[in-house]
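Participant: Just so you know, the sequences run in chain order A, B, C and D.
Counting from 1, position 102 in the first sequence corresponds to residue 1201 in my numbering; the numbering is continuous, with no gaps.
Counting from 1, position 92 in the second sequence corresponds to residue 1191 in my numbering; the numbering is continuous, with no gaps.
Counting from 1, position 16 in the third sequence corresponds to residue 1115 in my numbering; the numbering is continuous, with no gaps.
Counting from 1, position 86 in the fourth sequence corresponds to residue 1185 in my numbering; the numbering is continuous, with no gaps.
Honestly, I wouldn't trust all of these hints.
No copy labels: a pair is met if it fits in one copy or bridges any two.
[Unchecked claim] In the SDA-like style, the derived pairs of lysine to any residue whose C-alpha atoms are separated by at most 25 Å in a straight line are:
| hint | residue 1 | residue 2 |
| --- | --- | --- |
| 1 | K1246 | A1200 |
| 2 | K1174 | R1240 |
| 3 | K1246 | I1222 |
| 4 | K1246 | A1225 |
| 5 | K1174 | E1160 |
| 6 | K1246 | N1221 |
| 7 | K1246 | R1133 |
| 8 | K1174 | G1143 |
| 9 | K1174 | P1192 |
| 10 | K1174 | R1226 |
| 11 | K1234 | Y1194 |
| 12 | K1243 | R1202 |
| 13 | K1243 | P1192 |
| 14 | K1243 | E1184 |
| 15 | K1243 | I1130 |
| 16 | K1174 | E1218 |
Keep in mind that the hints were calculated from the coordinates and are not lab data.
4 protein chains.
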Amino acid sequence: MTAGGAEGRLPAKRTRSGGYNRRVEIKAHEIRHRVLYAETDQMGVVYYANYLIWMEMGRVEYCRAAGVRYRDMEKEDGVLLTVAEANCRFLSPAYYDEEIAIRTWVGRAHARMVQFNYEMRNIADARLLAAGYTKHVFCDRSMKPSKLPARYRPLFGLET
Amino acid sequence: MTAGGAEGRLPAKRTRSGGYNRRVEIKAHEIRHRVLYAETDQMGVVYYANYLIWMEMGRVEYCRAAGVRYRDMEKEDGVLLTVAEANCRFLSPAYYDEEIAIRTWVGRAHARMVQFNYEMRNIADARLLAAGYTKHVFCDRSMKPSKLPARYRPLFGLET
Amino acid sequence: MTAGGAEGRLPAKRTRSGGYNRRVEIKAHEIRHRVLYAETDQMGVVYYANYLIWMEMGRVEYCRAAGVRYRDMEKEDGVLLTVAEANCRFLSPAYYDEEIAIRTWVGRAHARMVQFNYEMRNIADARLLAAGYTKHVFCDRSMKPSKLPARYRPLFGLET
Amino acid sequence: MTAGGAEGRLPAKRTRSGGYNRRVEIKAHEIRHRVLYAETDQMGVVYYANYLIWMEMGRVEYCRAAGVRYRDMEKEDGVLLTVAEANCRFLSPAYYDEEIAIRTWVGRAHARMVQFNYEMRNIADARLLAAGYTKHVFCDRSMKPSKLPARYRPLFGLET
């Protein structure tokens, strides 16, 4: 696994196959985002639904850093990551024009689903703004759940 | 033309065909919308891009009132209304939880394009909030410009 | 409690105060929403962050049906419902132009927080699209957690 | 004027004051943006209202490149740039995951208003996606139109 995360290594995933263990290293990937005026609301803070967009930004770039364009996965191989659940805890408000770090890693995965975890921090003061996860089911072009093709499994820390 | 607008008649469109005029009545259609928290920004007013979403709401309901579901037009007949231009003048701010009237009518149209006009008012005090237009090019499923099929022409005040 | 929900009664809340029980009836409130083009993504379904906006629509109208404008609560009494957590499980995709019912009720509440629960259904076929909750902390104008003023407690099924 | 634009010089602005001309150089500023899934609609292209958000991104970074944080201008000096008009012509669709260049420059300005112009291009093939402008009125904290304080005038190519 070659995910180009900027951060320390997360606990390695173990997958068991044919009687031996192969460790697949999963690292978190981090991106930066500047809070837009469009993202604030009249409370003067970022509107809560926008954190789910930040999560999207995080997981797309996680994939790219790992060598996979989500667009190609969808277009060329018809693999859709439909969202089954999203959760976010809001710990500290984010303000206009602040620079945010969005850290993304694979929480758990198997051939039919993957969970991404996220942490969002204010870069200037390292304040933790929010933490959450999204669970995804791999689907084919007709939106039917299906097994992730082998070539994409390393992306999520799975053996092929 | 049976557009179910609540408002007075707009200047009639004339279309010329085979040497005689047939007048097609076009009426404005009006819908209501309650300003969401999500739509405000930290200035305490509605963020400007949201007015373009209100315009979408207006024109979809204009079509429905005229007896055409835009979804069917797109799905069944492959007619896409791609947006070629959008314009909005912001005259007075809109605030959270205010009820807004969005009035929509066809400005001009021919077989290859249509312009919708919009006015957005605060219902409580009749304040004009914004006015604008969108210009659309009729396209087929492959996003190529194409003539509007005859059956949809009355929707836009055009002769078949 | 006079919440104007269209639906059946939810399990009553009990709150204990001074040695006797007063039952406060809580009913769900339901609103309708037509899926916008703006809300879809290229997968042809509603983008997942928009469900959190639907939840906002649901809880604001829940409050209004119960006789409280959220805007007044915020403006006049400086009571802010900051979001502490949001969760949504996506069960079936929602499509453009479908009419959706958003059902909202108070899950649990005390003087410092309230949880709203939501169910979103396709009206035409009663398909359950999504279910989730949001947890809110009552804050004052300076965004500090604070106890909900007594006059608003019945809104959330709490004794004054 | 030291705007850190990456691009060629735009036609210089002349402002006349006390009988002599001082030329203030205005340069365009360019930023990059990767199209999000959230920004697409079911037509498979970027939903039109999102271009107005891209314009916001462009003008905020234009200001920052010129040495002014819009946030500080708003917070510290109570200068609000309310939007009076927005216009966008959509020339070629933008697709998911494409990298976009947003080029921003001051079209014209005086002490009471400023117009920003924008061009949005696909970076890979230099395709012009959209072009437009926004007109802004300088307001004070109470949202009343007011003259731009002298210290901010160079930002918009104006003499102090």
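Participant: Failing hints, ascending?
Facilitator: The structure breaks hints 1, 3, 4, 6, 7, 12, 15 and 16; every other hint is satisfied.
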